[in-house]
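Asker: One letter stands for each residue in the lines below.
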Amino acid sequence: MTNSVHDMGGMHGFGPIPREDNEPIFHEEWEGRVLGLMMTTGAHLKSNIDNTRSQSEMLPPATYLSLAYYERWFLRLERVCKQKGLVSERDLAALWAGHDIPETLEAEPIGPDDMRRIFAKGRSYTRQLDASPLFAVGDTVRAKNINPKGHTRLPRYARGKVGVVTAEHGGQIFPDTNATFSGEGPERLYTVRFRATDLWGSDANTKDTVCIDLWEPYLETIRADR
Amino acid sequence: MPHDSHDHTDPPSDLTLRVKALETALTRKGYVDPAAVDAVVDTFETKVGPRNGAAVVAKAWTDPDFKQRLLDDASAACAELGFSGQQGEQLKAVENTDDVHNIVVCTLCSCYPWPVLGLPPSWYKSHAYRSRAVIEPRAVLEEFGVSIPEDKEVRVWDSTAELRYLVLPERPDGTDDLSEDALAELVTRDSMIGTGVAKK
Amino acid sequence: MTNSVHDMGGMHGFGALTHYDNEPVFESDWQRKTFGLMMASLGPFQVNLDNVRSRMESISPTTYLSVGYYDKWFLTLEDLAIEKGLVSREDLAALAAGKDISLTRDVDPIPADGMLAFLATGATAARPIDTPARFAVGDQVRAKTLNPSGHTRLPRYARGKVGTVIADLGGQIYPDSNATFSGEGPERAFTVKFKATELWGSEANAKDTVCIDLWDPYLEPAT
Numbered sequence: 001m002t003n004s005v006h007d008m009g010g011m012h013g014f015g016p017i018p019r020e021d022n023e024p025i026f027h028e029e030w031e032g033r034v035l036g037l038m039m040t041t042g043a044h045l046k047s048n049i050d051n052t053r054s055q056s057e058m059l060p061p062a063t064y065l066s067l068a069y070y071e072r073w074f075l076r077l078e079r080v081c082k083q084k085g086l087v088s089e090r091d092l093a094a095l096w097a098g099h100d101i102p103e104t105l106e107a108e109p110i111g112p113d114d115m116r117r118i119f120a121k122g123r124s125y126t127r128q129l130d131a132s133p134l135f136a137v138g139d140t141v142r143a144k145n146i147n148p149k150g151h152t153r154l155p156r157y158a159r160g161k162v163g164v165v166t167a168e169h170g171g172q173i174f175p176d177t178n179a180t181f182s183g184e185g186p187e188r189l190y191t192v193r194f195r196a197t198d199l200w201g202s203d204a205n206t207k208d209t210v211c212i213d214l215w216e217p218y219l220e221t222i223r224a225d226r
Numbered sequence: 001m002p003h004d005s006h007d008h009t010d011p012p013s014d015l016t017l018r019v020k021a022l023e024t025a026l027t028r029k030g031y032v033d034p035a036a037v038d039a040v041v042d043t044f045e046t047k048v049g050p051r052n053g054a055a056v057v058a059k060a061w062t063d064p065d066f067k068q069r070l071l072d073d074a075s076a077a078c079a080e081l082g083f084s085g086q087q088g089e090q091l092k093a094v095e096n097t098d099d100v101h102n103i104v105v106c107t108l109c110s111c112y113p114w115p116v117l118g119l120p121p122s123w124y125k126s127h128a129y130r131s132r133a134v135i136e137p138r139a140v141l142e143e144f145g146v147s148i149p150e151d152k153e154v155r156v157w158d159s160t161a162e163l164r165y166l167v168l169p170e171r172p173d174g175t176d177d178l179s180e181d182a183l184a185e186l187v188t189r190d191s192m193i194g195t196g197v198a199k200k
Numbered sequence: 001m002t003n004s005v006h007d008m009g010g011m012h013g014f015g016a017l018t019h020y021d022n023e024p025v026f027e028s029d030w031q032r033k034t035f036g037l038m039m040a041s042l043g044p045f046q047v048n049l050d051n052v053r054s055r056m057e058s059i060s061p062t063t064y065l066s067v068g069y070y071d072k073w074f075l076t077l078e079d080l081a082i083e084k085g086l087v088s089r090e091d092l093a094a095l096a097a098g099k100d101i102s103l104t105r106d107v108d109p110i111p112a113d114g115m116l117a118f119l120a121t122g123a124t125a126a127r128p129i130d131t132p133a134r135f136a137v138g139d140q141v142r143a144k145t146l147n148p149s150g151h152t153r154l155p156r157y158a159r160g161k162v163g164t165v166i167a168d169l170g171g172q173i174y175p176d177s178n179a180t181f182s183g184e185g186p187e188r189a190f191t192v193k194f195k196a197t198e199l200w201g202s203e204a205n206a207k208d209t210v211c212i213d214l215w216d217p218y219l220e221p222a223t
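Residue numbers (this note's numbering), protein chains in the order written: chain A, 1 to 226; chain B, 1 to 200; chain C, 1 to 223.
The hints are simulated quantities; they were obtained by calculation from the structure and are not laboratory data. The C-beta atom is built at its ideal place from N, Cα and C for all residues, glycine as well. Heads up, a few of these hints could be off.
[Unchecked claim] Below, a sample of chain C positions facing chain B; criterion: calculated Cβ distance under 10 Å:
hint, residue
1, Asn147
2, Gly150
3, Ala204
[As the list claims (entries may be wrong)] Subject to a maximum C-alpha distance of 20 Å in a straight line, what follows is the list of computed DMTMM-like cross-link-like pairs (lysine to aspartate or glutamate):
hint, chain 1, residue 1, chain 2, residue 2
4, B, Lys20, C, Asp71
5, B, Lys67, B, Glu170
6, B, Lys20, C, Asp79
7, B, Lys125, B, Glu143
8, B, Lys20, C, Asp29
9, A, Lys46, A, Asp130
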């Protein structure tokens, strides 16, 4: 969802930043299990990061704001595991009631060594592109005014605003298509620097800037009439 | 019910109790007369509602001079029929035509023309309506069963100031013989917000 | 709060509309009382609508989205009564627990007939204004990019967009100052018509428009 509450840049009302001294990596043991489960089930769930993000954004706004970070992760994981048939509602109900369920071993899990290897290797999102870049470093560009219903990584606060290209990153998986499994559809990625005064108006500090990584389809050549 | 954290005893979760406590306290201290509270409630439960607006619309359909006065100064025109007061001080009537379909929303809160329509229905106050009416009015209208041709303008009025908007719906065909009272029966609340059309 | 979740125009994710036939004006007695109390308290609380709106917008975003419409009214009303020192939280807790406590009568309330007169008369926000209009009907104007942390009635979705003035509304109480009791500071307001394509991009219907009532300080000439 493009314009849902996850797109928070510039919003008011969320109060001071809740800083915590000596914050533990996980506040509850279950949070660590959720992260671990998320990482190890990835291959079986056949999802990708953009789809995962998109699922999170589709939570009802009140729920999205009410839930803690790992609660959102967990609810998403539980839902996707059920959707993809890895577990059934009945299995979960039995386990909630304190019963065990039979071992069926329907798949081959990722072992600890493989998991460490996957982590160490990381994953590249860059892709080869043949098309030549539409923009060069130093070009003035406008972020398009788009409001698609699906997933996008162009924040609302940047739409319609003018900035300067400060870097070009080659081809990168395009979230807007990848999120719906419509293909990686790689597009060229740029870093665009916006003046705070352009984003937020004349009350902003004239020295301040915000740099945003934006894919080529989000950008247009600045029109002469504005 | 979720609420902001306070460093004292949390209030009861039952709003019935909590409202009663506040009314009792304000009454005992003389700030509020419970009979005045009842008068407010009674006004909007039994006296003021969309029937007022329907009478205005029916009169505009049958009396061209009144219609002109309504479009020129809706507050004065509605006052002729005895409809005025809070949230109707600066009424504006917007007319549906062959070229334009009007629809009213308040994206920021719940502004609504009380003297002619009463209090707004839940859907008008809903987050879904407030968020969607300005960006996809046609999809919203479809959910209300109203289809607007692609080449006709949908004009959304976002009530940001203290003006309150009333849609003057199109008079249905084949109603030439109907009396003003009979015409008023065809005017639905939704047709005066713009999410509906007059009954046929 | 300017950019809080109350500024919903154009947001996604709130789902389909629920449309009830024959919906009652109030769903419960506490809603009924909350509405009546709010109307009856505006005078004694010495607040104005802009201030009440501003307070409702300052409810935490999570709460704002989670609770019902009249819940927000009630939370605002209760906080106001406490903040203004009219009642104490302790007294309210005692009353809610069914205890009878003695409270002194501070003032005389508005009686029912006074209340009815208040409803019937209304109170216009229109104010005379001497300064000549900066814009005329037909002018192209741009809504400024403003992000104040206080109350404003310039919706986010219109900021930076260009529209056409279609009506001069004369002087109107200015919400941005009235909300903080910094004075009514009347400013001229205009109805500005924006093309849906200007607001939402080329996917919008080219015929569609959105009209917004905007005060002079929100606008600048479109050049």
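Asker: Between Lys20/B and Asp29/C, is the straight-line Cα distance small enough, at 20 Å or below?
Answerer: Measuring from Cα to Cα gives roughly 10 Å; hence the hint holds.
Asker: Straight-line Cα separation of Lys46/A and Asp130/A no greater than 20 Å?
Answerer: violated (28 Å)
Asker: So, Asn147/C near chain B? Judge it on the closest CB pair being under 10 Å.
Answerer: Violated. Min distance 15 Å.
Asker: For the hint on Gly150/C, does the least C-beta distance to chain B fall short of 10 Å?
Answerer: violated (14 Å)
Asker: Regarding the pair Lys20/B and Asp79/C, is the alpha-carbon distance no greater than 20 Å?
Answerer: holds (15 Å)
Asker: Sort out whether Glu143/B lies within 20 Å of Lys125/B, counting only the CA atoms.
Answerer: With Cα atoms ~16 Å apart, Lys125/B and Glu143/B stay inside 20 Å; holds.
Asker: Is the straight-line distance between the alpha-carbon of Lys67/B and that of Glu170/B 20 Å or less?
Answerer: holds (12 Å)
Asker: Holds or violated: the hint that Ala204/C contacts chain B, with Cβ atoms closer than 10 Å.
Answerer: Constraint on Ala204/C satisfied, holds at 8 Å.
Asker: Are Lys20/B and Asp71/C close enough, with their CA atoms no more than 20 Å apart?
Answerer: Given that 20 Å is the threshold and the Cα spacing comes to 14 Å, the pair holds.
Of the numbered hints stated above, those contradicted by the structure are hints 1, 2, 9, listed in ascending order.
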